[in-house]
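A.B. asks: Which chain is which? The protein sequence lines are A and B, in order.
Numbers 705 to 1009, taken from the working numbering, label the letters of the first sequence in order.
Numbers 705 to 1009, taken from the working numbering, label the letters of the second sequence in order.
Hints are not guaranteed to be accurate.
Since copy identity is lost for identical chains, a pair holds within one copy or between any two.
Straight-line C-alpha distance at most 27 Å; calculated BS3-like pairs for lysine-lysine [to be verified]: (1) Lys976 with Lys862; (2) Lys976 with Lys897; (3) Lys785 with Lys925; (4) Lys809 with Lys964; (5) Lys785 with Lys905; (6) Lys801 with Lys767; (7) Lys862 with Lys992; (8) Lys837 with Lys862.
Quick caveat, the hints were computed from the structure, so don't treat them as lab data.
One-letter residues, chain by chain:
Protein chains: 2
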Amino acid sequence: MSAKFIIGIDLGGTNLKAGLLDKNYIMRDKIVLVTKKFVNKQGLISAIIFAIESLIKDNNLNKKQVLGVGIGVPGPVNYQKGIVHFLPNIPGWREVKLKGILEKKLELPVSIDNDAKAMTLAEYKFGNARKFKNILCLTLGTGVGGGMIIGGSLYRGKDNAAGEIGHLPINEEGPRCNCGGIACLETYIGNAKILKLARAKFNKVISLEELSRLASKGDKKSCAIWSSVGRHLGVALSGLVTVLNLDAIIIGGGVAGAGKILFDEVKDTIRKRSMSVQAARVKILKAKLKNDAGIIGASILVREG
Amino acid sequence: MSAKFIIGIDLGGTNLKAGLLDKNYIMRDKIVLVTKKFVNKQGLISAIIFAIESLIKDNNLNKKQVLGVGIGVPGPVNYQKGIVHFLPNIPGWREVKLKGILEKKLELPVSIDNDAKAMTLAEYKFGNARKFKNILCLTLGTGVGGGMIIGGSLYRGKDNAAGEIGHLPINEEGPRCNCGGIACLETYIGNAKILKLARAKFNKVISLEELSRLASKGDKKSCAIWSSVGRHLGVALSGLVTVLNLDAIIIGGGVAGAGKILFDEVKDTIRKRSMSVQAARVKILKAKLKNDAGIIGASILVREG
């Protein structure tokens, strides 16, 4: 019997999501675990194995029916060797040979890559990036992640480190970033910064969801925050639009939930600041795939990574 | 008899250079005309034709021995159709079907592209970019031009407009640029800006060559100017290094003549501000090909454009 299923894992700082997909990338089953419950690296690796074996067992499959396992992780990866260099938001991971460890234990082929690259593949294969050839895909969350399709293929750069749009500087001087840089985009529009702005403006703790809801009702204070986020993001993107003459930019992640006010400001800033030919060309679109984008992208790695 | 020669034309705001190259891209003859002597578009097109026909006649060739003519022009081009959209520094050119005009008159195949892309091809084929696959090539002159090799091929973007590094913003607020943008790199390090800084510092008109000569002798005022140029350029490049995980950046053009002090500042800024993996990877190199890079690059367009 030929292998008919793929397992995709989206390892995040909050949740570990595992999905069983058929050969058409339709989700047949899904398990979600809370990442922080597994206190160390070994515990988290055991949880990954548990999730994979549960999906196989619960669906009455044998391993010969599984083509392979794809995993997206939130950090830099040597994807050829399947080594996780480190995970900024999950402590204790340093040069972990995750592919080797899992293949030995599972006796299944395992592919590993950075989560933003996996999500880029998902959006290119099944989402709003489908029709284009030169694309930047962004995820706006705790950090600002990115992946690029150039000439119809995932662009990795020399060390698989391409796409780090969160660390593009938007000013010569500005806040120091965790990465060591100065005035990186992420220091202006990362979740932490937006929540800080909101707390200062509303004199209380306020969630991103609430901030988006208020903006959609026309609340001036929250609209001002989202406009400012859109302007910073627009400046960063305007430079990449000019230099890369992109067909499309796809924006996803929690912050993208702010919707129209954010997107309008991004589009307006690009139209005003990019060179005219490039500005007229580029489409700014919201990501189509939602919560399952990470699982779907990880699954794509198995056959096309 | 098979065609053994190529003619390459480097059309600049100052000079119109035409070269006869053999099949190994060795220059056999060269003609240099002063662009401004030809007062209108028609005059300049006639000069191009004159230069080509002179090279053929003076070298006792017939047209069957010429494989084709390649032309690099200082502005945006539809390279498939051979249409020059406009030339910022040469008045009167708007949507000129240069390929069609020249092919009809010359009865030779003509290829046309932007000059920075032609120079990028030259540096990739014969210069310091040879060993790399993901490269940004810069020319620092009146404007700041650029071309990119991605995955071993010239990257054009959707409209052949990729590579415009001079119009990457390095600040959210700053000087208005001729392109319509704000705080573009070119407004900080274009020739005009450097000469203005020099005039203010020395209280007299001073050339770029003199400014480079003074810096090489350790003169503090000129060193301060070149350091500042290197810092602005370094900030722009640090972002592209982080996002594109480039193998190499090649810097040429008149301003690159400032040499060590400029290159040291660029390297230092990238090392401090780019993400560590990307910063450790990228090589910052001076262009190898000098004055003839434009002619050689234009010639490459004939067979590989």
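A.B. asks: If a hint holds in the structure, say so; if it does not, say that too.
C.D. replies: Verification of the hints:
no., hint, verdict
1, Lys976 with Lys862, "between (33 Å within a copy, 20 Å between copies)"
2, Lys976 with Lys897, "both (25 Å within a copy, 23 Å between copies)"
3, Lys785 with Lys925, "neither (48 Å within a copy, 51 Å between copies)"
4, Lys809 with Lys964, "neither (47 Å within a copy, 54 Å between copies)"
5, Lys785 with Lys905, "neither (47 Å within a copy, 55 Å between copies)"
6, Lys801 with Lys767, "within (22 Å within a copy, 62 Å between copies)"
7, Lys862 with Lys992, "between (29 Å within a copy, 23 Å between copies)"
8, Lys837 with Lys862, "both (20 Å within a copy, 8 Å between copies)"
Hint compliance for this structure: hints 3, 4, 5 are broken, all remaining hints hold.
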